[in-house]
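Student: Here are the chains, one letter per residue:
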Amino acid sequence: MIPRHSASRRIAALALVGAASLLAAACSSGESALESGNERPTTPATSAPPATAEPGATTPAGSAPTTAAPTTTVTPLADLPPCPVDALDGAAGPVELTFWHGMSNELETALIELTDQYNASQDAVVVTLQNQTGYEATIDKYIQSSQSSRPDIVQFPEYTVQLLADSGTVIPIGACIEASGFDTSPILDRILKAYATEGVQWSMPFNVSNPVLYYNKAMFEEAGLDPEAPPLSLEELRATSQAIVDSEAAGYGIALDTGADSGGGWFIEQWFAKGGELYADNGNGRLAPATRVLYDGPAGVELMSYVQQMITDGLAVNVGDNASGQDNFLKMADTVSPAAMTIGTSAALGTVTAVLDGGLIQGITGEDLGVGPMPGPGPGALVGGASLYIVAEKGDEKAAAAWDYIQYLISPESQSQWAAATGYVPIRSDALELEPLATKYVEDPRFKVAYDQLLGTSDDPSAFGPVLGPLREVRAATARGVAEIFNGDDVAEVLSRTAGESNALITSYNERN
Amino acid sequence: MATDTRAAAIPAVGFDRPRGWRALGRYSLLLFVAFLVLFPIYTTIVAALKPGNEVLNDPLRPGPFTLDVLRDAWSTGRLGRYLLNSFVVAIVVTVCQVVTSLLAAYAFAMLDFPGRTLLFGVFLATLLVPLEVTLVVNRRLIDSLGWLNTYQGLAAPFLATAFGTFLLRQVFLTLPRDLRDAAAIDGVGHLGFLRHVAIPLVRPTLGALALFSFLSTWNQYLWPNLITTEADKNTVQSGLRLLASTNLDEPNLVMAGTVIAAIPIFVVLIVFQRQLVRGLTAGAVKG
Amino acid sequence: MLAPSLLILVTFVLYPLVRAVWLGQQRCDNFGNNCVSRGFDQYVDMFTSREFQSALGVTVKYALLTVPLGLVLGVGLAVLADKHLRGVGVFRTVFSSTVATSVAVASLMWLFLLQPDVGVLANVGWINELFPSVKDPGWLRDPGTALVAVSMSSVWANLGFTFILVTAGLQGIPRDLHEAAAIDGAGDVRRFWSVTLPMLGPTLLFVVIVLTSRAFQAYGEIELLTQGGPAPYDSTTTVTYFIYGRNSVISGDVGLQATAAVLLFLLLLVLSVLQLSGLGRRVHYGD
Numbered sequence: 071m072i073p074r075h076s077a078s079r080r081i082a083a084l085a086l087v088g089a090a091s092l093l094a095a096a097c098s099s100g101e102s103a104l105e106s107g108n109e110r111p112t113t114p115a116t117s118a119p120p121a122t123a124e125p126g127a128t129t130p131a132g133s134a135p136t137t138a139a140p141t142t143t144v145t146p147l148a149d150l151p152p153c154p155v156d157a158l159d160g161a162a163g164p165v166e167l168t169f170w171h172g173m174s175n176e177l178e179t180a181l182i183e184l185t186d187q188y189n190a191s192q193d194a195v196v197v198t199l200q201n202q203t204g205y206e207a208t209i210d211k212y213i214q215s216s217q218s219s220r221p222d223i224v225q226f227p228e229y230t231v232q233l234l235a236d237s238g239t240v241i242p243i244g245a246c247i248e249a250s251g252f253d254t255s256p257i258l259d260r261i262l263k264a265y266a267t268e269g270v271q272w273s274m275p276f277n278v279s280n281p282v283l284y285y286n287k288a289m290f291e292e293a294g295l296d297p298e299a300p301p302l303s304l305e306e307l308r309a310t311s312q313a314i315v316d317s318e319a320a321g322y323g324i325a326l327d328t329g330a331d332s333g334g335g336w337f338i339e340q341w342f343a344k345g346g347e348l349y350a351d352n353g354n355g356r357l358a359p360a361t362r363v364l365y366d367g368p369a370g371v372e373l374m375s376y377v378q379q380m381i382t383d384g385l386a387v388n389v390g391d392n393a394s395g396q397d398n399f400l401k402m403a404d405t406v407s408p409a410a411m412t413i414g415t416s417a418a419l420g421t422v423t424a425v426l427d428g429g430l431i432q433g434i435t436g437e438d439l440g441v442g443p444m445p446g447p448g449p450g451a452l453v454g455g456a457s458l459y460i461v462a463e464k465g466d467e468k469a470a471a472a473w474d475y476i477q478y479l480i481s482p483e484s485q486s487q488w489a490a491a492t493g494y495v496p497i498r499s500d501a502l503e504l505e506p507l508a509t510k511y512v513e514d515p516r517f518k519v520a521y522d523q524l525l526g527t528s529d530d531p532s533a534f535g536p537v538l539g540p541l542r543e544v545r546a547a548t549a550r551g552v553a554e555i556f557n558g559d560d561v562a563e564v565l566s567r568t569a570g571e572s573n574a575l576i577t578s579y580n581e582r583n
Numbered sequence: 077m078a079t080d081t082r083a084a085a086i087p088a089v090g091f092d093r094p095r096g097w098r099a100l101g102r103y104s105l106l107l108f109v110a111f112l113v114l115f116p117i118y119t120t121i122v123a124a125l126k127p128g129n130e131v132l133n134d135p136l137r138p139g140p141f142t143l144d145v146l147r148d149a150w151s152t153g154r155l156g157r158y159l160l161n162s163f164v165v166a167i168v169v170t171v172c173q174v175v176t177s178l179l180a181a182y183a184f185a186m187l188d189f190p191g192r193t194l195l196f197g198v199f200l201a202t203l204l205v206p207l208e209v210t211l212v213v214n215r216r217l218i219d220s221l222g223w224l225n226t227y228q229g230l231a232a233p234f235l236a237t238a239f240g241t242f243l244l245r246q247v248f249l250t251l252p253r254d255l256r257d258a259a260a261i262d263g264v265g266h267l268g269f270l271r272h273v274a275i276p277l278v279r280p281t282l283g284a285l286a287l288f289s290f291l292s293t294w295n296q297y298l299w300p301n302l303i304t305t306e307a308d309k310n311t312v313q314s315g316l317r318l319l320a321s322t323n324l325d326e327p328n329l330v331m332a333g334t335v336i337a338a339i340p341i342f343v344v345l346i347v348f349q350r351q352l353v354r355g356l357t358a359g360a361v362k363g
Numbered sequence: 042m043l044a045p046s047l048l049i050l051v052t053f054v055l056y057p058l059v060r061a062v063w064l065g066q067q068r069c070d071n072f073g074n075n076c077v078s079r080g081f082d083q084y085v086d087m088f089t090s091r092e093f094q095s096a097l098g099v100t101v102k103y104a105l106l107t108v109p110l111g112l113v114l115g116v117g118l119a120v121l122a123d124k125h126l127r128g129v130g131v132f133r134t135v136f137s138s139t140v141a142t143s144v145a146v147a148s149l150m151w152l153f154l155l156q157p158d159v160g161v162l163a164n165v166g167w168i169n170e171l172f173p174s175v176k177d178p179g180w181l182r183d184p185g186t187a188l189v190a191v192s193m194s195s196v197w198a199n200l201g202f203t204f205i206l207v208t209a210g211l212q213g214i215p216r217d218l219h220e221a222a223a224i225d226g227a228g229d230v231r232r233f234w235s236v237t238l239p240m241l242g243p244t245l246l247f248v249v250i251v252l253t254s255r256a257f258q259a260y261g262e263i264e265l266l267t268q269g270g271p272a273p274y275d276s277t278t279t280v281t282y283f284i285y286g287r288n289s290v291i292s293g294d295v296g297l298q299a300t301a302a303v304l305l306f307l308l309l310l311v312l313s314v315l316q317l318s319g320l321g322r323r324v325h326y327g328d
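Chains as they are written, first to last, in the numbering used here: chain G, 71 to 583; chain A, 77 to 363; chain D, 42 to 328.
Extracted from the complex, chain G is given alone in its bound form (with noise of 0.2 Å):
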């Protein structure tokens, strides 16, 4: 009557025979997917797939041997969609533009008040902002709407130079400065050719940020140390963290993370920036499409041995891939083991002093906090941040609308009233002699130092960042190595492993574009 077999200890069983079948069935070939549908090497195994290409295969376009040869070549100006910037005069009636921002916190309340005077100050257009919480959002929802679905104006962090140059679907600013003959003199030149490849001006800077060591003056004058003398080199930050951790003023000198837009990524590039080392070849992608990523010779190897080091010996903690860019300032703020530093951008200083000077977070007041350059190899910083896309095929009033609203946004009183706000570095000189931003960087001159950081670039190729097709999926293959380096994996083999999988997503990208 009674089944003497439980049914359910059955399913149990068979539930894992069923998932254990499903993974030896699968036999892993341990390839990248990037690696799917390409054809199978039909040379002996021991020659290099692409991925791996050697350097010999970064000869120029066209005497490439594969299919693999990078498909973008120099695109003039005259080829690309012109710039109608006296459409707006025709306009029957004020011009609607929709404009996709990534800007979160005080960012975004900035951004909010910046358009709000302009959509006052003039009648003929209006913008309504749209914000898609982040830049990872912002590429993956544009990249899937159809050009129709997408908005008038577009924010890009500087990572999607490349790419959106490859994407056929924005108006090169560089058109409506020729066109409007906008004077680009009093605009910092590195800023502007941040957002420029093989001569093409693809978008207008706006919120441009470096990344800056934040502390705590509280903790350093605890641990004897001068709260007005941040680190600067690397080892002058191991020497300021073993005295921190020696004096027991925090728990850990520096709070480090693994995210791919900060210190599993980006901070690498800054660090080679200032390091006066490419991060790619063909000049970090600006003299000709790179194919493949430098950062696993020496002076990679060596200064992440350095770091590796510091969290070996208990100076810097991993706060992990700190999803929500907060994780690393959060730890400063944790109340059994905090760190006295942390490396962040300069564009949460806005936010973070006003979180502080709102007594959110107990033990740390907004003048506890100390802001110095970010501590690496040399001075100097690369240009970070967003900037501005005009999107193509919008028709031509809407085109010229946004043209007249970016001149807005980056005009020297905007960029004043901005940079004092948030702690973005304004994009032109002039805007530092106007209020609020001359009382704000004499009042505190935390808010100056990304700036003067920025200034201290040298002007060697190095010093222009690397411009990648993939350069998002790259900082995120990146990131990962860094995680696993920070574990305390060898620093060498994980970085010509991650090199080898940055590179195989370059060729990738280089073949389908």
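Among the clues, some could well be false.
Stated by the list, open to error - Here are the simulated SDA-like pairs of lysine to any residue, each with C-alpha atoms no more than 25 Å apart in a straight line:
hint, chain 1, residue 1, chain 2, residue 2
1, G, 287, A, 206
2, G, 510, G, 188
3, G, 263, G, 384
4, D, 102, D, 317
5, D, 102, A, 112
6, G, 287, G, 432
7, G, 510, G, 526
8, D, 102, A, 206
9, G, 287, G, 259
10, G, 287, A, 129
11, G, 510, G, 478
12, G, 263, G, 483
13, D, 102, G, 319
14, G, 287, G, 384
15, G, 263, G, 239
16, G, 518, G, 215
17, D, 102, D, 202
18, D, 102, A, 205
19, G, 287, G, 442
20, D, 102, A, 298
21, G, 510, G, 252
22, G, 287, A, 133
23, G, 518, G, 261
24, G, 263, G, 252
25, D, 102, G, 557
Unchecked claim - One side only, chain G facing chain A, incomplete, derived with CB under 7 Å:
hint, residue
26, 214
27, 216
28, 217
29, 250
Just so you know, these hints were derived from the structure itself, not from any lab.
It should be emphasised that the depicted structure is a prediction, and the values quoted were computed from it without experimental measurement.
Glycine residues also receive a C-beta, built at the ideal position from the N, C-alpha and C atoms.
Place chains A and D on chain G using the hints.
Tutor: Then chains A and D, alone, in the frame of chain G:
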């Protein structure tokens, strides 16, 4: 939530009522697990009612109390708007799923047409297709229709359900065919028969199906995120995600948002608890 | 009468499925244009690639962590709360309550519990002393514990569903079976194994199928709790998160995304068939 109707209806039998130490053992076990289950809910509510600077200070102790954070989450988190969007979409989907399932189930159960078995098989096959596979293509489809950021875009792919069709068909099959034939002779059309005979028969199942549809739509996560580019059109799930992604430094605000997002569905479930049990068990029916 | 359902299911399920299968053997540019067919080998390559294998491994582990435990807990609690103890209704309400939480709500509650900086557990002194790892490195940040931590949240969130279903199943067991067994001298334990469990067969099968498919489609909890990390091992990157989540190497490659999505569909298909035919035949359907 599940009412213990049987306890009252059937006199307790000796072997079913533990006493003494065994009862004590059971109580301790039940209490312990109840404590574990309630713990996250408790800490969430405590945090939602605390001001920001107190939230990390002994998170297990309730108070000091404030409603400011809830108010803040409601206004700056715009949860009111998101709840409204979720309700509209969930109701539209629910009503449409009920109607389309009724019609299709009736056709499969009561009509003879060539290829019926094959078509029914096709219907059932759609149950096996996970959302993840159709996501990319559907997004393009909705985009090309110009339905991004619209209620119809949020709802369209889910207006029919093979699950509901299957469920209702099972009940319709119990209707004697003679009944339908007799009605036809009396000049009652299919729609009339459906309205006056078939629907009353499946009413309890309909309630269960409706609640099931409502819950599944309400809980959708990937799709609303994918087809929304205007904050105004967020559902409460994507709204919560937005709130959390930008406010980790204010955990009490996020928890307040979580409480606000959870309350309406708690209320719905308490009101419709009978349909809930039925709706969830509906899938387990044999056949 | 079939037309509305057929229109929706063909447009939003079958057509996208066919498109996805075709897209899955193509490679496109980063904007999803200029697609070139590479042949159906692409499916094999994707399946055997180390990224997909890793994601599949995580997914299977996740299913093994959540399904059996969820099942045992659900059955155990339902049996405990099925006894005629005073106040058992309260316990039933408590155990059912998590059915009202969506993925976003449940995940955010657990994020606030487990987050190593602003989380509850990390900020309670005695918990910290008992389990230093909640703070440093934090369960969600340690590759060794992250998947277990996410599983805990998932088991908690699914508990209400399982509990309600099993409770309903228990109430469907004819009382005389128990009485007959008791007269034969079977104790509580014996009756559980020989009466209760076999009679629950269909319910348990359904629960297993639903929990397994939920585990295989896990996305929201991963995005909100770990973003697929902690790095470097992608210890919580499930297949769905590998396809649509942050920081995936295929995020710029809609063809490969489709390849992986179709593979996920096939896996679920195989699992369903396995569970239904392999287990279903053995399940005892009462009379």
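Student: Taking the hints in turn, state whether each one holds.
Tutor: Do the hints match the structure? See the list:
Of the supplied pair hints, the one linking residue 287 of chain G and residue 206 of chain A is violated, its CA atoms being roughly 54 Å apart against a limit of 25 Å. The suggested pairing of residue 510 of chain G with residue 188 of chain G holds, with an alpha-carbon distance near 23 Å, which does not exceed 25 Å. For the hint pairing residue 263 of chain G with residue 384 of chain G, the CA-to-CA distance comes to about 40 Å; that exceeds 25 Å, so the pair is violated. Distance restraint check for residue 102 of chain D and residue 317 of chain D: the Cα-Cα separation of roughly 21 Å lies within the 25 Å cut-off, and the hinted pair is therefore satisfied.
In summary, the hint linking residue 102 of chain D to residue 112 of chain A is supported, as the alpha carbons are separated by about 24 Å, within the 25 Å threshold. Distance hint between residue 287 of chain G and residue 432 of chain G is fulfilled; the C-alpha atoms sit about 15 Å from each other, no more than 25 Å. Between the alpha carbons of residue 510 of chain G and residue 526 of chain G the distance comes to roughly 21 Å, so the proposed pair stays at or under 25 Å and holds. Proposed proximity of residue 102 of chain D and residue 206 of chain A is supported: the alpha carbons are some 20 Å apart, at most 25 Å.
For the proposed pair residue 287 of chain G and residue 259 of chain G, the alpha carbon gap of about 34 Å is over 25 Å, so the pair is violated. The straight-line distance between the Cα atoms of residue 287 of chain G and residue 129 of chain A is roughly 21 Å, inside the 25 Å bound, and the hint therefore holds. Distance restraint check for residue 510 of chain G and residue 478 of chain G: the Cα-Cα separation of roughly 21 Å lies within the 25 Å cut-off, and the hinted pair is therefore satisfied. With a C-alpha separation of about 22 Å, the suggested pairing of residue 263 of chain G with residue 483 of chain G holds against the 25 Å cut-off.
Between residue 102 of chain D and residue 319 of chain G the alpha-carbon distance is near 42 Å, which puts this suggested pair outside the 25 Å criterion. The straight-line distance between the Cα atoms of residue 287 of chain G and residue 384 of chain G is roughly 20 Å, inside the 25 Å bound, and the hint therefore holds. Restraint check for residue 263 of chain G and residue 239 of chain G: satisfied, since their Cα atoms lie roughly 20 Å apart, inside the 25 Å limit. Distance hint between residue 518 of chain G and residue 215 of chain G is unfulfilled; the C-alpha atoms sit about 39 Å from each other, more than 25 Å.
In summary, the hint linking residue 102 of chain D to residue 202 of chain D is supported, as the alpha carbons are separated by about 21 Å, within the 25 Å threshold. Restraint check for residue 102 of chain D and residue 205 of chain A: satisfied, since their Cα atoms lie roughly 22 Å apart, inside the 25 Å limit. A threshold of 25 Å between alpha carbons decides the hint, and for residue 287 of chain G with residue 442 of chain G the separation of about 11 Å falls inside it, so the pair holds. Under the criterion of a C-alpha separation no larger than 25 Å, the hint pairing residue 102 of chain D with residue 298 of chain A is consistent with the structure, at around 22 Å.
With a CA separation close to 28 Å, the supplied pair residue 510 of chain G and residue 252 of chain G exceeds the 25 Å bound. Between residue 287 of chain G and residue 133 of chain A the CA atoms are separated by roughly 23 Å; this keeps the pair inside 25 Å, and the hint holds. Taking the CA atoms of residue 518 of chain G and residue 261 of chain G, the gap is near 16 Å; set against the 25 Å cutoff, the hint holds. With a C-alpha separation of about 16 Å, the suggested pairing of residue 263 of chain G with residue 252 of chain G holds against the 25 Å cut-off.
Proximity of residue 102 of chain D to residue 557 of chain G is assessed by CA-CA distance (about 23 Å); at most 25 Å being required, the pair is judged to hold. At a threshold of 7 Å, the smallest CB-CB gap from residue 214 of chain G to chain A is about 6 Å, leaving the interface hint in force. For residue 216 of chain G, the interface hint holds, the least distance from its beta-carbon to any beta-carbon of chain A being 5 Å, beneath 7 Å. Because the closest C-beta pair between residue 217 of chain G and chain A is about 10 Å apart, greater than 7 Å, the hint is violated.
Annotation: interface hint on residue 250 of chain G violated; nearest CB of chain A at approximately 29 Å, more than 7 Å.
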